[in-house]
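> Mapping to the working numbering: the sequence shown position 76 is 631, numbers consecutive.
Calculated from the structure, these hints are not laboratory results. Be aware that a few hints might be false.
[Stated by the list, open to error] Here are the simulated PhoX-like cross-link-like pairs (lysine-lysine), alpha carbons at most 20 angstroms apart as the crow flies:
| # | residue 1 | residue 2 |
| --- | --- | --- |
| 1 | K604 | K592 |
| 2 | K564 | K602 |
| 3 | K657 | K604 |
| 4 | K597 | K564 |
| 5 | K564 | K605 |
| 6 | K604 | K671 |
| 7 | K628 | K604 |
| 8 | K564 | K595 |
| 9 | K597 | K671 |
| 10 | K564 | K592 |
| 11 | K628 | K602 |
| 12 | K628 | K605 |
| 13 | K602 | K657 |
| 14 | K628 | K657 |
| 15 | K602 | K592 |
| 16 | K628 | K597 |
| 17 | K564 | K628 |
| 18 | K628 | K595 |
| 19 | K628 | K592 |
[Claimed, not checked] Now the in silico label distances, taken between C-beta atoms and shown as ranges:
| # | residue 1 | residue 2 | range |
| --- | --- | --- | --- |
| 20 | D612 | Q574 | 43 to 49 angstroms |
| 21 | L615 | E637 | 28 to 34 angstroms |
| 22 | L580 | D612 | 25 to 31 angstroms |
| 23 | F610 | G577 | 27 to 33 angstroms |
| 24 | V642 | A575 | 18 to 24 angstroms |
Because the structure is a prediction, the values reported are computed rather than measured. Yeah, the Cβ is synthetic: ideal placement off N, Cα and C, and Gly gets one too.
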Amino acid sequence: MTENEISNKIIGCALEVDQALGPSLLESAYQECLFYKLQKEKLRVEKEKKMPLIFEDVELECGYRIDLLVNNKVVIGLKSLEALNDVHLAQTLTYLRLGDYKLGLLINFNVARLTKGIRRVINGNLT
Numbered sequence: 556m557t558e559n560e561i562s563n564k565i566i567g568c569a570l571e572v573d574q575a576l577g578p579s580l581l582e583s584a585y586q587e588c589l590f591y592k593l594q595k596e597k598l599r600v601e602k603e604k605k606m607p608l609i610f611e612d613v614e615l616e617c618g619y620r621i622d623l624l625v626n627n628k629v630v631i632g633l634k635s636l637e638a639l640n641d642v643h644l645a646q647t648l649t650y651l652r653l654g655d656y657k658l659g660l661l662i663n664f665n666v667a668r669l670t671k672g673i674r675r676v677i678n679g680n681l682t
C-alpha cells in the first residue's frame, strides 16, 4: 500500500473513532481506540514507537516516541487540544525526518468536526 492509500484508511478509522467518542477526551483514549480500529483493518500498527536520535554517528535515547506508526510508512501524531499550532507540526515533521518517513498525519480530536482537525505533513516528495 502507498502512503496515500494508508492515510485514507487512517482518516476513515479516525472519523469512526471521533463519531463514537466525540471531542474532549484524553489523547490516550483516542490513541487506544484508533490503534484498535487500525488493527481491525489489518494494518500493522506500532504504538508509542521509540524514536532514537542519531547525533555524530551515536544513537541517543532521548525519550522521543511516535504516537502511532502504520505499516512502517505513516506517522500519526494525536492531540486533543483547543488548537494545533506550529510546534505540533514541527514535531511531526521532525519525527518524519528522523525516521526517514514521507507522510505524517497530525490529528486533533478536540474539534467540532474532525475533518477540521486533520493535517497532512509531508517530508520531501510524496508520490
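> It remains to establish, for every hint, whether it holds in the given structure.
Now for the hints, and whether the structure bears them out:
1. For the suggested pair K604 and K592, the alpha carbons sit about 18 angstroms apart, so the restraint of at most 20 angstroms is met.
2. At most 20 angstroms may separate the alpha-carbon atoms for a hinted pair to count; K564 and K602 meet this at roughly 17 angstroms.
3. Among the hinted pairs, K657 with K604 is consistent with the structure: their alpha-carbon atoms are about 16 angstroms apart, no more than 20 angstroms.
4. Between the alpha carbons of K597 and K564 the distance comes to roughly 10 angstroms, so the proposed pair stays at or under 20 angstroms and holds.
5. Only pairs whose Cα atoms come within 20 angstroms are accepted, and K564 paired with K605 is rejected, the gap being roughly 23 angstroms.
6. A C-alpha spacing of about 26 angstroms is found between K604 and K671, which places the hinted pair above 20 angstroms, so the restraint is violated.
7. Taking the CA atoms of K628 and K604, the gap is near 13 angstroms; set against the 20 angstroms cutoff, the hint holds.
8. Using a Cα cut-off of 20 angstroms, the hinted pair K564 and K595 holds, with the two alpha carbons roughly 11 angstroms apart.
9. Distance check on the hinted pair: K597 and K671 sit about 26 angstroms apart at the alpha-carbon level, beyond 20 angstroms; violated.
10. Taking the CA atoms of K564 and K592, the gap is near 10 angstroms; set against the 20 angstroms cutoff, the hint holds.
11. For the hint linking K628 to K602, the alpha-carbon distance of about 13 angstroms falls within 20 angstroms, and the restraint holds.
12. As the CA atoms of K628 and K605 are separated by approximately 15 angstroms, the hinted pair is consistent with the 20 angstroms bound.
13. Restraint check for K602 and K657: the C-alpha separation of about 18 angstroms stays at or below 20 angstroms, so the hint holds.
14. Restraint check for K628 and K657: satisfied, since their Cα atoms lie roughly 7 angstroms apart, inside the 20 angstroms limit.
15. At roughly 13 angstroms between alpha-carbon atoms, K602 and K592 fall within 20 angstroms of each other, so this suggested pair holds.
16. For the given pair, K628 sits about 15 angstroms from K597 by alpha-carbon distance, which is consistent with the 20 angstroms threshold.
17. For the given pair, K564 sits about 13 angstroms from K628 by alpha-carbon distance, which is consistent with the 20 angstroms threshold.
18. At most 20 angstroms may separate the alpha-carbon atoms for a hinted pair to count; K628 and K595 meet this at roughly 18 angstroms.
19. Only pairs whose Cα atoms come within 20 angstroms are accepted, and K628 paired with K592 is accepted, the gap being roughly 17 angstroms.
20. Separated by about 47 angstroms at the C-beta atoms, D612 and Q574 satisfy the suggested range of 43 to 49 angstroms.
21. Separated by about 33 angstroms at the C-beta atoms, L615 and E637 satisfy the suggested range of 28 to 34 angstroms.
22. Range check, L580 to D612: about 42 angstroms between beta-carbon atoms, so the 25 to 31 angstroms window is missed.
23. For F610 and G577, the Cβ-Cβ distance of about 42 angstroms falls outside the hinted range of 27 to 33 angstroms, so the restraint is violated.
24. Judged by the Cβ atoms, the range 18 to 24 angstroms given for V642 and A575 is violated: they are separated by roughly 29 angstroms.
Violation of the numbered hints given earlier is confined to hints 5, 6, 9, 22, 23, 24; the remaining hints are satisfied by the structure.
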